[in-house]
Amino acid sequence: MLITGQARGLARNVHLQEFHFHLWEPARYGARMPRVHRIRECFASHEPEGVGDEADRRAAVAVILRDRSEGPEVLFIERATRSGDPWSGHMAFPGGRLEPGDATLRAAAERETEEEVGLSLRGAEYIGRLADLQGHRRFGQHHMVVSAHVFFLEDPGSIELQSSEVRAAIWFPLRQILDKDRHVAHPSSQAGGMEFPGVLVGEPGRHVVWGLTYRFLELFMEVIESPLPDRSADFDFSGFSDS
2 MLITGQARGL ARNVHLQEFH FHLWEPARYG ARMPRVHRIR ECFASHEPEG
52 VGDEADRRAA VAVILRDRSE GPEVLFIERA TRSGDPWSGH MAFPGGRLEP
102 GDATLRAAAE RETEEEVGLS LRGAEYIGRL ADLQGHRRFG QHHMVVSAHV
152 FFLEDPGSIE LQSSEVRAAI WFPLRQILDK DRHVAHPSSQ AGGMEFPGVL
202 VGEPGRHVVW GLTYRFLELF MEVIESPLPD RSADFDFSGF SDS
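Our numbering puts the sequence shown at residues 2 to 244.
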């Protein structure tokens with residue numbers, strides 16, 4: 002389900018457009034996607050790696066799950082196009098920078114989620130955390146370390162987009178992330194047209210999860226024992242260094 006927002010004055014205007022995702026096909030997706038109870042079990046024994054406190058800037062995102070009869074869904078957002086934002090226009094998880102008033106990185110993820118999509122995570126089940134990731138110099142993100150926190154919302158309620166920061170939101174079935182037909186090559190203008198692995202979660206060419214969010218998605222799928230297809234042979238990053 003795609004949710005888009007358009008500002009009318011100072012009010013938020015939200016309307017919904019549904020994508021018709023195809024149903025579960027074992028032959029297409031391979032191993033069955035874990036249900037929420039199994040995801041809990043996987044994270045209970047998971048010990049994420051941190052990067053210490055040497056980062057100049059910290060940020061946090063929320064990987065938000067909800068359950069449906071066909072299986073869990075995860076929330077992605079399409080960031081608004083903004084000058085100076087290294088993630089401008091990207092598909093992402095809700096989140097943002099650690100602010101002075103945030104007691105923890107998890108608190109930052111919760112605050113940013115409520116600001117960006119109107120969902121309160123205060124009553125959500127906290128499932129766990131993924132390993133921290135550092136942004137890449139090529140994208141102007143190298144001073145930023147990001148942590149990802151996983152939540153389960155039994156009844157998320159309606160989404161209200163902060164249109165100045167978020168253009169759209171998509172609830173996407175986890176099982177379809179394993180669909181090889183959705184795995185695409187995404188060219189980045191910030192990297193001179195170099196292609197990166199991505200996952201199509203909506204409109205082709207627009208709603209492609211790639212970059213840092215793809216790396217977090219890759220970590221998440223590994224933790225729940227449903228790894229993404231190995232595409233290492235499809236991309237040449239020999240000229241892509243962080244120096």
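It should be emphasised that the hints constitute simulated quantities derived from the structure, not laboratory data. Just so you know, not all the hints are guaranteed correct.
To be verified - Straight-line alpha carbon distances no greater than 20 Å define the calculated SDA-like cross-link-like pairs of lysine to any residue that follow:
| # | residue 1 | residue 2 |
| --- | --- | --- |
| 1 | K181 | E196 |
| 2 | K181 | Q135 |
| 3 | K181 | P205 |
How the hints compare with the structure:
1. K181 with E196: 17 Å, holds
2. K181 with Q135: 27 Å, violated
3. K181 with P205: It holds: about 15 Å lies between the C-alpha atoms, which stays within 20 Å.
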